[in-house]
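Line order of the protein sequences matches chains A and B. Residue 498 in the working numbering sits at position 285 of the first sequence; the count goes up by one each step and never skips. Residue 169 in the working numbering sits at position 115 of the second sequence; the count goes up by one each step and never skips.
Source of the hints: derived by calculation from the structure; they are not laboratory data. In this text the structure is predicted, and so the values were computed from the model without any measurement. Don't take each hint at face value.
[What the hints assert, rightly or not] Listed below are several chain B residues computed to face chain A (Cβ distance under 8 angstroms; list not exhaustive):
| # | residue |
| --- | --- |
| 1 | T111 |
| 2 | W189 |
| 3 | A193 |
C-beta: ideal position from N, C-alpha, C; glycine also.
Below, each chain spelled out in residue letters.
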Amino acid sequence: MSTLDLTAHPTIKRLLRSRWPQLILQLIALAGFLVALLASWLGTPIGNHNFAIVVVWIAWWALLMLLLVPALGRGWCSVCPLPLAGEWLQRGSLLGPRLDVSGRPRPPLGLGRRWPARLRNIWLQNGTFLLLALFSAVVLTQPSATGLVLTVIILVAVIVSLVFERRAFCRYLCPVGGFIGLYAQAAPLEVRVTDPAICTAHTDKSCYVGSAEGYGCPWDLFPGSLTKNTYCGTCMECLRTCPYDNVAVRLRAPGSDLLNPSGRRLDEAYKAFIMLGGAIAYSAVMLGPWGGLKTAAFEIGSLPWLAYVGGLLAFVLLVLPGSFLLAVVLGRRLARPAPPLMKTFVSLAYAFVPLGLAAWIAFSLSFVLTNLSYLWPVVSDPMGWGWNLLGTAALNWHPYLTSFVPPLQALVLAGGLGWTAVTARRIAEQLGGGLRLAWPTLLVALASTVGVLWLLLG
Amino acid sequence: MTVVGNLLASRKRWAAWAVVALAALILAWAPLPSAAYAASARTFRIEARSFAYTPGTLRVNPGDRVTLELVPMDYVHGLYLEGYDLDVKADPGQTARLTFTADRSGTFRFRCSVTCGALHPFMIGKLTVGSGSLWLRAAGLSLLAALAGFLLWRR
Numbered sequence: 214m215s216t217l218d219l220t221a222h223p224t225i226k227r228l229l230r231s232r233w234p235q236l237i238l239q240l241i242a243l244a245g246f247l248v249a250l251l252a253s254w255l256g257t258p259i260g261n262h263n264f265a266i267v268v269v270w271i272a273w274w275a276l277l278m279l280l281l282v283p284a285l286g287r288g289w290c291s292v293c294p295l296p297l298a299g300e301w302l303q304r305g306s307l308l309g310p311r312l313d314v315s316g317r318p319r320p321p322l323g324l325g326r327r328w329p330a331r332l333r334n335i336w337l338q339n340g341t342f343l344l345l346a347l348f349s350a351v352v353l354t355q356p357s358a359t360g361l362v363l364t365v366i367i368l369v370a371v372i373v374s375l376v377f378e379r380r381a382f383c384r385y386l387c388p389v390g391g392f393i394g395l396y397a398q399a400a401p402l403e404v405r406v407t408d409p410a411i412c413t414a415h416t417d418k419s420c421y422v423g424s425a426e427g428y429g430c431p432w433d434l435f436p437g438s439l440t441k442n443t444y445c446g447t448c449m450e451c452l453r454t455c456p457y458d459n460v461a462v463r464l465r466a467p468g469s470d471l472l473n474p475s476g477r478r479l480d481e482a483y484k485a486f487i488m489l490g491g492a493i494a495y496s497a498v499m500l501g502p503w504g505g506l507k508t509a510a511f512e513i514g515s516l517p518w519l520a521y522v523g524g525l526l527a528f529v530l531l532v533l534p535g536s537f538l539l540a541v542v543l544g545r546r547l548a549r550p551a552p553p554l555m556k557t558f559v560s561l562a563y564a565f566v567p568l569g570l571a572a573w574i575a576f577s578l579s580f581v582l583t584n585l586s587y588l589w590p591v592v593s594d595p596m597g598w599g600w601n602l603l604g605t606a607a608l609n610w611h612p613y614l615t616s617f618v619p620p621l622q623a624l625v626l627a628g629g630l631g632w633t634a635v636t637a638r639r640i641a642e643q644l645g646g647g648l649r650l651a652w653p654t655l656l657v658a659l660a661s662t663v664g665v666l667w668l669l670l671g
Numbered sequence: 055m056t057v058v059g060n061l062l063a064s065r066k067r068w069a070a071w072a073v074v075a076l077a078a079l080i081l082a083w084a085p086l087p088s089a090a091y092a093a094s095a096r097t098f099r100i101e102a103r104s105f106a107y108t109p110g111t112l113r114v115n116p117g118d119r120v121t122l123e124l125v126p127m128d129y130v131h132g133l134y135l136e137g138y139d140l141d142v143k144a145d146p147g148q149t150a151r152l153t154f155t156a157d158r159s160g161t162f163r164f165r166c167s168v169t170c171g172a173l174h175p176f177m178i179g180k181l182t183v184g185s186g187s188l189w190l191r192a193a194g195l196s197l198l199a200a201l202a203g204f205l206l207w208r209r
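Produce the complete structure using the sequences and hints provided.
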């Protein structure tokens, strides 16, 4: 598969190697985050007039799901403000590594423990995402709830940074990082070494342990064996530390990682269903006409809320994966010879990544374009205290592109399903089962797509 | 022989993609058979209560003269109708009316246009004018995309 090496262009390479552009973007994101945090605690309690709610859940979400994840994969992770405080404390530096008198990088601050081996997966991230999803109707609408979530996240990120080495919080706990990593596999951008043999022969492994030029991989990866985007935070440290100029940032065919048979895992497979199920559930709760469902999702602790929690968990953890499991069993009956059940389940689950991403894009198009006009008043009056800093405080709510959104959603979902079909067929071919193995999987994907279409357009 | 075989296979594939493109165009734009009906006047009383409209789904025929009576039951609520770009607001217990000719077919969301509480951005109902076939057309296109991806796409 042909790729385009962006780092072959000297200006791009210089920009990516320099710490300043990244730091500037991080500081901008951090400033926005701090204003959001202040607004969440001190600003108006009316969600759609509060900077925290509008900027985090509408503007940032739009940027993330409609642009950054589809185009750059984990690009957001390289400028995310949430782990910055912990990372800066751990490093004892805002920019490059601190060096000792002999010019070698000093050891990181904190305990620097390894993350427990049993937890080196994304099950915890699956859990943190689901936990957030259960409270989402409140978190997305109540500034104080958003403030609480952001505060807890930053505190946990700081504590984890001081106890464990590298970016353990981002890699194993962040509720957002889990799905960004999953969908980064579909992105058209990758960081990879040019010649793995150079890495094999390089005894210092400066990309992993760090050097005077930069830090060892914050994501605990050895770039020399990197074959998927899932856990690469695109922080560019390996670009800085490689003494052989052997790391490249490349454009590639979208979704290349999904067809890579190595490293497929059950935790990631389940993530695909949690995310697809989440997009379906959010479309029903937030964009559907059922007031009872919205109230149930909002009234935490009530019986309807418990029923909502039970229904949501059952749908994303049992119904959707269970339907897929039946499809896999049926596919194995149709295909001869049949590959092992678990291997087939895990492998074919990756075919749902494009559809899940498409479902989130389709949901976000409607959610974001309907509510984006709340942004102009809140940037002028972040706290809702009657300020008018930019002269836009009095602009009225008006949904954007309402005639354009439904056809676009239809195209996005049809494209996502088509991509899922291609991926399912090719994974089934890798497993030796061919079309017969993949047919039932395609039916589950089609049923899911029709469900989302009905919720969004019906 | 191989060259000829490849050429034929290539032509077959192009022909298959042409059929897919034609089918997509038909699915997207072909007129659907519809029952004959006479346009009539339709009035709906819509009670608005945080955070739902009752009834939440409405269906009318194209050409109908539609009146929506918005009756807030708890707080001030609004009703903004997408597609028609119409907006009305009312105080609790009062009735505000919105009258228009349903001259655009499709399914259109209506949303509360007055901040009414935490779930205000999600207070939504829907009006279907005619068959509301977009999602069915989209489902057909999705099926087509799935079949094309499954059977035809080669890279």
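Against the structure, the hints come out as follows:
no. : hint : verdict
1   : T111 : holds, 6 angstroms
2   : W189 : holds, 4 angstroms
3   : A193 : holds, 5 angstroms
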